[in-house]
Amino acid sequence: MDKKKVRPWMPYLMVAPAFTVMLLVVILPILNTVAQSFSTADGQFTLANYQYFLTSYEAFESLVFTVIEALSTMLLAMVFSFLLALYLRFSKSGISRIIGRLYLLPRFIPGIVAVYAVMNIIKDAGFINRFLQLFGIMYKPGLLYDMKGIVICNLWFNIPFSAMLLSAALSNVADSYVESAKDAGCGWGKILTKIIWPLVYKDVIVAATFILMGQIGAFTIPYLTGPNNPKMLGILLYQQVNTYLDYQRAAALSVLMFIICLGGAVVYIKSNMKEEAWQAGK
Amino acid sequence: MKRLYYGLGKKKFLEWIFFAVFVLFFYGPLMNMVVLSFAGDYEYPDVVPTSYGFKWWDYILSKSQMVDTIFTSLVLAVVVTLVSLLICLPAAYAIARYKFRGRSLVRLSFLLTNAFPKMGIYTAMAVIFYKLNLMGTFVGVVLVHIVNTMMFMVWIPSGAFRTVHVQQEESARDVGASPLRVFFRITMPMAWPGIVVASLYTFLGSMEEAQGSLLIGLPNVHTMPSELYGIIMSFPETAGSVFAVILLIPSLILLIVFRKYLSAEALSNGLKM
Chain U
1 MDKKKVRPWM
11 PYLMVAPAFT
21 VMLLVVILPI
31 LNTVAQSFST
41 ADGQFTLANY
51 QYFLTSYEAF
61 ESLVFTVIEA
71 LSTMLLAMVF
81 SFLLALYLRF
91 SKSGISRIIG
101 RLYLLPRFIP
111 GIVAVYAVMN
121 IIKDAGFINR
131 FLQLFGIMYK
141 PGLLYDMKGI
151 VICNLWFNIP
161 FSAMLLSAAL
171 SNVADSYVES
181 AKDAGCGWGK
191 ILTKIIWPLV
201 YKDVIVAATF
211 ILMGQIGAFT
221 IPYLTGPNNP
231 KMLGILLYQQ
241 VNTYLDYQRA
251 AALSVLMFII
261 CLGGAVVYIK
271 SNMKEEAWQA
281 GK
Chain G
283 MKRLYYGLGK
293 KKFLEWIFFA
303 VFVLFFYGPL
313 MNMVVLSFAG
323 DYEYPDVVPT
333 SYGFKWWDYI
343 LSKSQMVDTI
353 FTSLVLAVVV
363 TLVSLLICLP
373 AAYAIARYKF
383 RGRSLVRLSF
393 LLTNAFPKMG
403 IYTAMAVIFY
413 KLNLMGTFVG
423 VVLVHIVNTM
433 MFMVWIPSGA
443 FRTVHVQQEE
453 SARDVGASPL
463 RVFFRITMPM
473 AWPGIVVASL
483 YTFLGSMEEA
493 QGSLLIGLPN
503 VHTMPSELYG
513 IIMSFPETAG
523 SVFAVILLIP
533 SLILLIVFRK
543 YLSAEALSNG
553 LKM
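First to last, the sequence lines map onto chains U and G.
Heads up: the first sequence begins at 1 in our numbering, then just goes up one per residue.
Heads up: the second sequence begins at 283 in our numbering, then just goes up one per residue.
Watch out, some of these pointers could steer you wrong.
What the hints assert, rightly or not - With a straight-line cut-off of 27 Å between C-alpha atoms, the simulated DSSO-like cross-links for lysine-lysine are:
id: 1; chain 1: U; residue 1: K270; chain 2: G; residue 2: K554
id: 2; chain 1: U; residue 1: K140; chain 2: U; residue 2: K123
id: 3; chain 1: U; residue 1: K92; chain 2: G; residue 2: K293
id: 4; chain 1: G; residue 1: K293; chain 2: U; residue 2: K194
id: 5; chain 1: G; residue 1: K284; chain 2: U; residue 2: K92
id: 6; chain 1: U; residue 1: K194; chain 2: U; residue 2: K182
id: 7; chain 1: U; residue 1: K270; chain 2: G; residue 2: K381
id: 8; chain 1: U; residue 1: K194; chain 2: G; residue 2: K337
id: 9; chain 1: U; residue 1: K92; chain 2: U; residue 2: K231
id: 10; chain 1: G; residue 1: K337; chain 2: U; residue 2: K123
id: 11; chain 1: G; residue 1: K337; chain 2: U; residue 2: K190
id: 12; chain 1: U; residue 1: K92; chain 2: U; residue 2: K123
id: 13; chain 1: U; residue 1: K182; chain 2: G; residue 2: K294
id: 14; chain 1: U; residue 1: K182; chain 2: G; residue 2: K292
The set of hints was computed from the structure by calculation and includes no laboratory data.
It should be emphasised that the depicted structure is a prediction, and the values quoted were computed from it without experimental measurement.
Using the sequences and the hints given, assemble the complete structure.
Shown next, in the form of structure tokens:
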């Protein structure tokens, strides 16, 4: 009975601790960053910090490099993970069941450990090089300190990550949908585009935006495996802080990167809000 | 090869190849690392070590500074998980149960750590932490780790709480249980799988977080991942592998213990609002 007249401040009280931490540790610093980005070292208003990055060739190169890297990671990860998820969903073999257990693990391996493990394989004196020498082939992969190295390490994480999201989505595709479509004479192409895709495209968007957002600010992987020049935006930001100690410029770059991510976030939120409306209706 | 192809049939043969590629790509690097960690002699161009032993384990474990980081990381992860549960579960419950002004906004705010560049947040955080005397402190690092995985800790349990029917809670209240008792005896057990998954995300997230610990924790708080940065740069791969394998062990144990809670569905919940 008294459940009906919930005290109106109750939910706020319950949300307060978590939100306070968020406010203090994330939101205030972000607002502070935005303010900093418009000021000089001694607190005068300026647009120079933004001007610097918008006109600097180095920053432009980094932006192009990051965008190409992020898009290739995203596309490759989506294609492979979609195939993997389809296989896991529709194959009933023993191998598929084993892979179904094994593919979740990489999501939980500490990032830096995995990067290190992959580095030891692909570096020029790594496993691939040593193994091929057994057959008298001297091959230096040249993958490390190159965009390819970053993409390979990222695929290691992101294929399982998005395969996980897509498998969850594909479990909504009942066998009966597929069978009835087959009975009505549909080929796999049609089943894929007309039945499976509409049920999973939202999760494809979620996975893709998370991968993209992750790449824009990525630090660990490019720091350990990427080239010195051009570099990813995350490294450029790190340099502003650590090498040049230029916090105002770093702030401006953070804001610019946030704006890029925001594009992705908007798509993500929009596709999620649709679900909201559907849930509210039930 | 040809005999295998005809023996298994085309479909099976392709499936085995796919399996081999999968295992090589995802598990090959890890297996190689485990082998290297037990290396005795490993010179270029040996494919695998020519002799084995615990040489590098002894080497790493004899450095008290490195052993300390192992303890720091474990204690940190436990504290982070407990504190995170304590402050996030009420929020998750409120978001699941009550309609209040600003609910979507609160819920969305937890996405911020994933949308704003981490390095930018940490730098800005450092400025505020300086004023609060939190730089280089354990508490400071705990806060960084908590906000990193807060999204999972709020969104996943929130989804789990929503599946518990209000009527079940109400009937317990009707027979006289206090609200807290209802929560611990009815709601929480039913939402348990979600809470476990969220805690795993938080614990393992804390175990792997490196950037924030580096920026906020140094020079006093050394965690394993932040130490590993230096090790990768300056130690031979055999010593680095030992340290990396040690860092891997807690993840493996937890994943094996809690494997029945880990399904693609349960894990994806935290990424959707």
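To see whether the hints hold, each was checked on the structure:
For the given pair, K270/U sits about 12 Å from K554/G by alpha-carbon distance, which is consistent with the 27 Å threshold. The hinted pair formed by K140/U and K123/U meets the criterion: a straight-line CA distance of about 8 Å does not exceed 27 Å. In summary, the hint linking K92/U to K293/G is supported, as the alpha carbons are separated by about 13 Å, within the 27 Å threshold. With a C-alpha separation of about 26 Å, the suggested pair K293/G and K194/U falls inside the 27 Å cut-off, and the hint holds.
A hinted pair counts as satisfied when its Cα atoms are at most 27 Å apart, and K284/G with K92/U qualifies at roughly 25 Å. Pair hint K194/U plus K182/U holds up; C-alpha atoms about 12 Å apart against a cutoff of 27 Å. Taken as a hint, the K270/U and K381/G pair is honoured in the structure, with Cα atoms around 20 Å apart against an allowance of 27 Å. With a C-alpha separation of about 59 Å, the suggested pair K194/U and K337/G falls outside the 27 Å cut-off, and the hint is violated.
With a C-alpha separation of about 44 Å, the suggested pair K92/U and K231/U falls outside the 27 Å cut-off, and the hint is violated. Taking the CA atoms of K337/G and K123/U, the gap is near 24 Å; set against the 27 Å cutoff, the hint holds. Restraint check: the Cα-Cα separation between K337/G and K190/U comes to about 59 Å, which exceeds 27 Å; the hinted pair is violated. Only pairs whose Cα atoms come within 27 Å are accepted, and K92/U paired with K123/U is rejected, the gap being roughly 37 Å.
For the proposed pair K182/U and K294/G, the alpha carbon gap of about 23 Å is at most 27 Å, so the pair holds. Restraint check for K182/U and K292/G: the C-alpha separation of about 23 Å stays at or below 27 Å, so the hint holds.
Checked against the numbered hints given earlier, the structure breaks hints 8, 9, 11 and 12 and satisfies all the rest.
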